[in-house]
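Chemist: Each chain, letter by letter, is given below.
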Amino acid sequence: MAVLVLADHKDGALTQPTRSTVAAARKLGDVHVLVAGEGAGAAAAAAARLPGVAKLLTGSEAPALAEPLAAQLVALAPGYSHLLAPASAAGRNVMPRAAALLDVQVLSDVCGVVDADTFIRPIYAGNALATVKSADAKKVLTVRATSFDPVPAEGGNATVEAAPAAADPGLSSFVGAEIVKSERPELTAARIVISGGRAMGSAENFAIIEKVADRLGAAVGASRAAVDAGYAANDMQVGQTGKIVAPELYIAVGISGAIQHLAGMKDSKVIVAINKDEEAPIFQVADYGLVADLFKAVPELEAELAK
Amino acid sequence: MKVLVPVKRVVDYNVKVRVKADGSGVETANVKMSMNPFDEIAVEEAVRLKEKGVAEEIVAVSCGPNAAQEQLRTALAMGADRGILVEHDGVLEPLAVAKLLKAIVGREGPALVILGKQAIDDDMSATGQMLAALLGWGQGTFASRVEKEGDALRVTREVDGGLETVSVKLPAIVTADLRLNEPRYASLPNIMKARKKPIETVKPADLGVDVTPRLSVLKVEEPAKRQAGKKVGSVQELVEKLRNEAKVI
Amino acid sequence: MKGDNVVDFALTPQHEALQEAIGRICADFGDEYWLMRDRQGGFPTELHQALAKGGWLGVCMPEDVGGTGLGITEAALMMQTIAQSGAGMSGASAIHMNIFGLQPVVVFGTEEQKQRMLPPLIEGRERACFAVTEPNTGLDTTQLKTRAERRGDRYVVHGQKVWISTAQVAEKMLLLARTTPAEQARKRTEGLSLFYTNFDRSRIEVREIEKMGRKAVDSNQVFIDGLEIPVEDRIGEEGQGFRYILHGMNPERILIAAEAAGLGHLAVSRAAAYAKERVVFGRPIGQNQAIQHPLAECWMELEAARLMTMNAAWRYDSGLECGAQANAAKYLAAEAGFKACQQAVMTHGGFGYAKEYHVERYLRESMIPRIAPISPQLILSFVAERVLGLPKSY
Ligand SMILES: Cc1cc2nc3c(=O)[nH]c(=O)nc-3n(C[C@H](O)[C@H](O)[C@H](O)COP(=O)(O)OP(=O)(O)OC[C@H]3O[C@@H](n4cnc5c(N)ncnc54)[C@H](O)[C@@H]3O)c2cc1C
Ligand SMILES: Cc1cc2nc3c(=O)[nH]c(=O)nc-3n(C[C@H](O)[C@H](O)[C@H](O)COP(=O)(O)OP(=O)(O)OC[C@H]3O[C@@H](n4cnc5c(N)ncnc54)[C@H](O)[C@@H]3O)c2cc1C
Ligand SMILES: Cc1cc2nc3c(=O)[nH]c(=O)nc-3n(C[C@H](O)[C@H](O)[C@H](O)COP(=O)(O)OP(=O)(O)OC[C@H]3O[C@@H](n4cnc5c(N)ncnc54)[C@H](O)[C@@H]3O)c2cc1C
Chain A
317 MAVLVLADHK
327 DGALTQPTRS
337 TVAAARKLGD
347 VHVLVAGEGA
357 GAAAAAAARL
367 PGVAKLLTGS
377 EAPALAEPLA
387 AQLVALAPGY
397 SHLLAPASAA
407 GRNVMPRAAA
417 LLDVQVLSDV
427 CGVVDADTFI
437 RPIYAGNALA
447 TVKSADAKKV
457 LTVRATSFDP
467 VPAEGGNATV
477 EAAPAAADPG
487 LSSFVGAEIV
497 KSERPELTAA
507 RIVISGGRAM
517 GSAENFAIIE
527 KVADRLGAAV
537 GASRAAVDAG
547 YAANDMQVGQ
557 TGKIVAPELY
567 IAVGISGAIQ
577 HLAGMKDSKV
587 IVAINKDEEA
597 PIFQVADYGL
607 VADLFKAVPE
617 LEAELAK
Chain B
246 MKVLVPVKRV
256 VDYNVKVRVK
266 ADGSGVETAN
276 VKMSMNPFDE
286 IAVEEAVRLK
296 EKGVAEEIVA
306 VSCGPNAAQE
316 QLRTALAMGA
326 DRGILVEHDG
336 VLEPLAVAKL
346 LKAIVGREGP
356 ALVILGKQAI
366 DDDMSATGQM
376 LAALLGWGQG
386 TFASRVEKEG
396 DALRVTREVD
406 GGLETVSVKL
416 PAIVTADLRL
426 NEPRYASLPN
436 IMKARKKPIE
446 TVKPADLGVD
456 VTPRLSVLKV
466 EEPAKRQAGK
476 KVGSVQELVE
486 KLRNEAKVI
Chain C
46 MKGDNVVDFA
56 LTPQHEALQE
66 AIGRICADFG
76 DEYWLMRDRQ
86 GGFPTELHQA
96 LAKGGWLGVC
106 MPEDVGGTGL
116 GITEAALMMQ
126 TIAQSGAGMS
136 GASAIHMNIF
146 GLQPVVVFGT
156 EEQKQRMLPP
166 LIEGRERACF
176 AVTEPNTGLD
186 TTQLKTRAER
196 RGDRYVVHGQ
206 KVWISTAQVA
216 EKMLLLARTT
226 PAEQARKRTE
236 GLSLFYTNFD
246 RSRIEVREIE
256 KMGRKAVDSN
266 QVFIDGLEIP
276 VEDRIGEEGQ
286 GFRYILHGMN
296 PERILIAAEA
306 AGLGHLAVSR
316 AAAYAKERVV
326 FGRPIGQNQA
336 IQHPLAECWM
346 ELEAARLMTM
356 NAAWRYDSGL
366 ECGAQANAAK
376 YLAAEAGFKA
386 CQQAVMTHGG
396 FGYAKEYHVE
406 RYLRESMIPR
416 IAPISPQLIL
426 SFVAERVLGL
436 PKSY
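Protein chains in written order, with the working numbering: chain A, 317 to 623; chain B, 246 to 494; chain C, 46 to 439.
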């Protein structure tokens, strides 16, 4: 039996997590993709070109709401062994609803496919990974995009069909949407932190770090030496006597890696160090070390991220 | 209207969980347990609705072991009026919880159920949506703002990259996101009053619900430890590695 | 197994709920807050207000004046939790007096006095200081010199008090003063009267004493020149003040013991966390028995002291005689708390001496429960005399 992927799309383009979800789906069978919601037409054209997609179904172009979309998935479900969506806000909104209508326990945020019934998913905020086997006849899952390399954008040629319309239960209606410009997150809650040390040389120079932070949606931190020198505010100090942080990505710029600093960031999942001294102790804890002058490397980093 | 607020007993937010050596799960013996933080936000929202005169009665429900009474007491101390414990010692998956809650909704007849958007133990983020499906109600998930407008709720939802507003007909399901409110601290007099508020205990069988799990956990392991670090030659290489190898940006 | 004849040391779910709730309030006041208070001084008004708002100041006040009517057991748990949260004595002392200091009013005050005096305290609108100690009499409280002379419907007070905590900020004062000259009193323990009255700064001069620690909660010299106190502000009978004050002493010992144990546990947990992280000689210092064992010892002594504290609290709440236990608890917890704080500094090596690591503050604060409200020597003398039946030595 084929598997069905519910696509996420924005401004008429498929999102990268959708391509990752297709990659996960290909491990399970022939892939069909359903594209629905505002701008679905343009996105459907793109989805039809994804390699490995056999069939493309287009749904209603009305703004996607969980209730009608779940009804549509349930109507299509008999033809599929698995229903997948990216574990995005949209996917997490609709897939559990569809699963319940099918009397199936949903599998959220799947990060590994073992076989058709067995999946790996993170629990306890990613501090543990559970391998679970589903006894349900049909599987409904959302997929953690970063765990699957996305399929290329081009290379396939799927047939396009309109999905049979499902009745809108009329339980909710769309009022409006607003894209919020993200403010810089709080240091201890941020997913990414970039910190500057004494090598920054001045408060003004912190601007180059802030630019990178804005690109990444990161919070900005500092070593105590940078704080003491007045380059950064007190509440930006990371370390044993400052804030303890454990983001997914920590970038230390011009920080030597004193033990008091390390105590505040060593539990970060991925650590990057940029330092011109290749013997700096920070490199001993860094996953990725770049020996370079920060005044050259940091602007380059910003430019590279902008690409 | 009556508001139902399900609350889950979970390992406390501040505990760093450890995977059991035999891979059967995480260590929960002698670990501090608390109310799921998103559920606290849900309780707070219900209490605010009551303070505004929108809600008349708040019923807190927990599905779980007998000790989950503690979390019900916490909800009562925050302002819920009474509690229902659906007592069950084994694993309860979101689908089973949704079925239990559906049965409770059938008995209580609330116009609104507010849940946390996610439990911080299994991280499923599913119970609210599943309950909405089983009841045939509309859902306003990941809510950062809720207002009553006639016989509907106007719910502002946190979606990827921004906010979305939907209008959901009552009766409805709302799931609470982090920014919906900041839960209050229970005051001492309210903690004392909570001890006297009633908690009713029922069993899944009393509700006629089969809670057999659909998933079997084959193993639980720690995520891969950090690899030995390496030097990269250029900024381009660094960004490439962060994107495709570490997958953090 | 639980049964009627089994001693139960477990906290009740209600106790756990109290601890949890108090802990949450305190969590809003982190290390940075206390470090700043310790550097700059200034009463921790925010904590006092947060606790008042949550109804915590009325924990063991009667329900008919707006309190919660719980026992000293719950008050002790609360004070331990506050100290242990990182607030130490800076936090605990900020409310200590308000929790049990007015017990003489609760027990001996008239209905009118209770309704007038207690609700503002519980609601956090007023703070009370406790004016007993005098520069020339020290621990020999029956010999207090400050005199209150009756003139018609009021008393006029002259004299000096010392070490009076929170006198910089208090609106009210519980004052023990002499109404009958010592030589005319029938007994040593008579002739003193107790007042709860406005802290009238036009007749009272307050000078802060610069001290070793706990800068946030001031302690002062208090000079009283012609303070007028209406008769309605006298608690109970004239001349019986010492007896009334004694009534609150055992509970106060229990509270200070709980605070000392909380401070000590705080120090030990910080030290253990540091010892796990700090690597010298290629391993965490906590892997050395020279670091582990003293910390383990501190923990055991703190727990023993805490159990004695809960024992004393339980006796008090059960209406049993608790003088020996309350004094023993205060002694054991103060000494164990001090030792734990000292060990925490030593565990941190040079960094323990830096303010940023907080343990040096704990060490400075840990002296307070040893000295006040009664010294360790006098506790030993008390136990020797009252428990062991030895001749009175003081
Ligand atoms: C009581 C106490 C508490 C402390 N608590 C903390 C704490 O909480 N947090 C904390 O961070 N520290 C703390 N410290 C200080 C700590 O010991 C270090 O002194 C501090 O972390 C050093 O900061 P740094 O790495 O920015 O400076 P440095 O150690 O001076 O390092 C600067 C680094 O920048 C590199 N560099 C220079 N120029 C460039 C360039 N152009 N491009 C690239 N790299 C360059 C250098 O090679 C060097 O490695 C504490 C110290 C004490 C005494
Ligand atoms: C920070 C702080 C806050 C305080 N807050 C208050 C407050 O709010 N209100 C208040 O009224 N008081 C307060 N006090 C005062 C405190 O209660 C007294 O300091 C304490 O009772 C000891 O009295 P003293 O200082 O006069 O010591 P002294 O009586 O002079 O004793 C000095 C030493 O001699 C020892 N000693 C005395 N007699 C004997 C004896 N017979 N045998 C053996 N040893 C003996 C004592 O044990 C002690 O070690 C506070 C004190 C401090 C340090
Ligand atoms: C006020 C002050 C002034 C100072 N002035 C100077 C100065 O002028 N010049 C200078 O160079 N330094 C100075 N120092 C630094 C001082 O010499 C160091 O603090 C001291 O050597 C301890 O080092 P550390 O703080 O890194 O402690 P750590 O080495 O981290 O030790 C921490 C604790 O672990 C214990 N420990 C470590 N290893 C073991 C083991 N194997 N077995 C058992 N226990 C162990 C230690 O005994 C200690 O209790 C000063 C320190 C202070 C506080």
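Please note that the accuracy of each hint is not assured.
[Claimed, not checked] DSBU-like, lysine-lysine: derived pairs with alpha carbons at most 30 Å apart:
| hint | chain 1 | residue 1 | chain 2 | residue 2 |
| --- | --- | --- | --- | --- |
| 1 | C | K400 | A | K582 |
| 2 | B | K297 | B | K441 |
| 3 | A | K582 | C | K190 |
| 4 | B | K295 | A | K623 |
| 5 | A | K582 | B | K261 |
| 6 | A | K527 | B | K476 |
| 7 | A | K449 | A | K527 |
| 8 | A | K326 | A | K343 |
| 9 | C | K400 | A | K559 |
| 10 | B | K486 | B | K476 |
| 11 | A | K449 | B | K277 |
| 12 | A | K612 | B | K475 |
| 13 | A | K343 | B | K486 |
| 14 | A | K559 | C | K159 |
| 15 | A | K592 | B | K470 |
| 16 | B | K470 | A | K559 |
| 17 | B | K261 | A | K559 |
| 18 | A | K612 | A | K559 |
| 19 | C | K190 | C | K260 |
| 20 | A | K559 | C | K384 |
| 21 | A | K592 | B | K486 |
| 22 | B | K261 | C | K321 |
| 23 | B | K476 | A | K612 |
| 24 | C | K190 | B | K438 |
| 25 | A | K449 | B | K492 |
| 26 | B | K441 | B | K295 |
| 27 | A | K527 | A | K326 |
| 28 | B | K297 | B | K492 |
| 29 | B | K475 | A | K559 |
| 30 | A | K585 | B | K476 |
| 31 | C | K321 | B | K475 |
| 32 | A | K623 | B | K492 |
| 33 | B | K297 | A | K326 |
[As the list claims (entries may be wrong)] So these bits of chain B aren't anywhere near chain C, every CB distance computed over 12 Å:
| hint | residue |
| --- | --- |
| 34 | D257 |
| 35 | D267 |
| 36 | T273 |
| 37 | E332 |
| 38 | L379 |
| 39 | G407 |
| 40 | N426 |
Rather than coming from a laboratory, the hints here were simulated on the basis of the structure.
Treat the numbers as computed from the prediction; the structure is a model and nothing was measured.
The beta-carbon is built from N, C-alpha and C at its ideal position, and this holds for glycine as well.
Chemist: Are the hints correct? Go through all of them and say.
Modeler: Hints, one by one, checked against the model:
For the proposed pair C:K400 and A:K582, the alpha carbon gap of about 23 Å is at most 30 Å, so the pair holds. Our distance criterion of 30 Å between C-alpha atoms is met by B:K297 and B:K441, whose separation comes to about 24 Å. Between A:K582 and C:K190, the direct Cα distance comes to roughly 61 Å. Violation of the 30 Å bound is thereby established for this hinted pair. Annotation: proposed proximity of B:K295 to A:K623 is violated, straight-line Cα distance about 50 Å (limit 30 Å).
For the proposed pair A:K582 and B:K261, the alpha carbon gap of about 15 Å is at most 30 Å, so the pair holds. Our distance criterion of 30 Å between C-alpha atoms is met by A:K527 and B:K476, whose separation comes to about 24 Å. With a C-alpha separation of about 45 Å, the suggested pairing of A:K449 with A:K527 is violated against the 30 Å cut-off. With a C-alpha separation of about 25 Å, the suggested pair A:K326 and A:K343 falls inside the 30 Å cut-off, and the hint holds.
Distance check on the hinted pair: C:K400 and A:K559 sit about 16 Å apart at the alpha-carbon level, within 30 Å; holds. Between the alpha carbons of B:K486 and B:K476 the distance comes to roughly 11 Å, so the proposed pair stays at or under 30 Å and holds. Restraint check: the Cα-Cα separation between A:K449 and B:K277 comes to about 29 Å, which is no more than 30 Å; the hinted pair holds. A threshold of 30 Å between alpha carbons decides the hint, and for A:K612 with B:K475 the separation of about 20 Å falls inside it, so the pair holds.
Between A:K343 and B:K486, the direct Cα distance comes to roughly 25 Å. Compliance with the 30 Å bound is thereby established for this hinted pair. As the CA atoms of A:K559 and C:K159 are separated by approximately 46 Å, the hinted pair breaks the 30 Å bound. A hinted pair counts as satisfied when its Cα atoms are at most 30 Å apart, and A:K592 with B:K470 qualifies at roughly 27 Å. At roughly 23 Å between alpha-carbon atoms, B:K470 and A:K559 fall within 30 Å of each other, so this suggested pair holds.
A distance of roughly 17 Å separates the Cα atoms of B:K261 and A:K559; the hinted pair therefore holds under the 30 Å criterion. At roughly 28 Å between alpha-carbon atoms, A:K612 and A:K559 fall within 30 Å of each other, so this suggested pair holds. For the hint linking C:K190 to C:K260, the alpha-carbon distance of about 28 Å falls within 30 Å, and the restraint holds. Taken as a hint, the A:K559 and C:K384 pair is honoured in the structure, with Cα atoms around 28 Å apart against an allowance of 30 Å.
Restraint check: the Cα-Cα separation between A:K592 and B:K486 comes to about 20 Å, which is no more than 30 Å; the hinted pair holds. The straight-line distance between the Cα atoms of B:K261 and C:K321 is roughly 15 Å, inside the 30 Å bound, and the hint therefore holds. A distance of roughly 17 Å separates the Cα atoms of B:K476 and A:K612; the hinted pair therefore holds under the 30 Å criterion. The hinted pair formed by C:K190 and B:K438 fails the criterion: a straight-line CA distance of about 47 Å is larger than 30 Å.
About 26 Å separates the Cα atoms of A:K449 and B:K492, which keeps this hinted pair within 30 Å; it holds. For the given pair, B:K441 sits about 20 Å from B:K295 by alpha-carbon distance, which is consistent with the 30 Å threshold. Proposed proximity of A:K527 and A:K326 is supported: the alpha carbons are some 25 Å apart, at most 30 Å. Distance hint between B:K297 and B:K492 is unfulfilled; the C-alpha atoms sit about 46 Å from each other, more than 30 Å.
With a C-alpha separation of about 27 Å, the suggested pair B:K475 and A:K559 falls inside the 30 Å cut-off, and the hint holds. Proximity of A:K585 to B:K476 is assessed by CA-CA distance (about 17 Å); at most 30 Å being required, the pair is judged to hold. At most 30 Å may separate the alpha-carbon atoms for a hinted pair to count; C:K321 and B:K475 meet this at roughly 27 Å. Restraint check: the Cα-Cα separation between A:K623 and B:K492 comes to about 17 Å, which is no more than 30 Å; the hinted pair holds.
Distance check on the hinted pair: B:K297 and A:K326 sit about 38 Å apart at the alpha-carbon level, beyond 30 Å; violated. B:D257, annotated as away from the interface, has a beta carbon of chain C within 12 Å; the closest lies near 10 Å. For B:D267, the condition that its CB be more than 12 Å from all CB atoms of chain C holds, with the nearest at approximately 25 Å. Separation of B:T273 from chain C is adequate, the least Cβ-Cβ distance of about 17 Å exceeding the 12 Å criterion.
The beta carbon of B:E332 sits about 16 Å from the closest Cβ of chain C, which is more than 12 Å, so the claim that it is off the interface holds. The Cβ of B:L379 lies farther than 12 Å from every Cβ of chain C, with a closest approach of about 33 Å, so its non-interface assignment holds. The Cβ of B:G407 lies farther than 12 Å from every Cβ of chain C, with a closest approach of about 30 Å, so its non-interface assignment holds. With 12 Å as the threshold on Cβ separation, the claim that B:N426 sits away from chain C holds: the shortest Cβ distance comes to roughly 16 Å.
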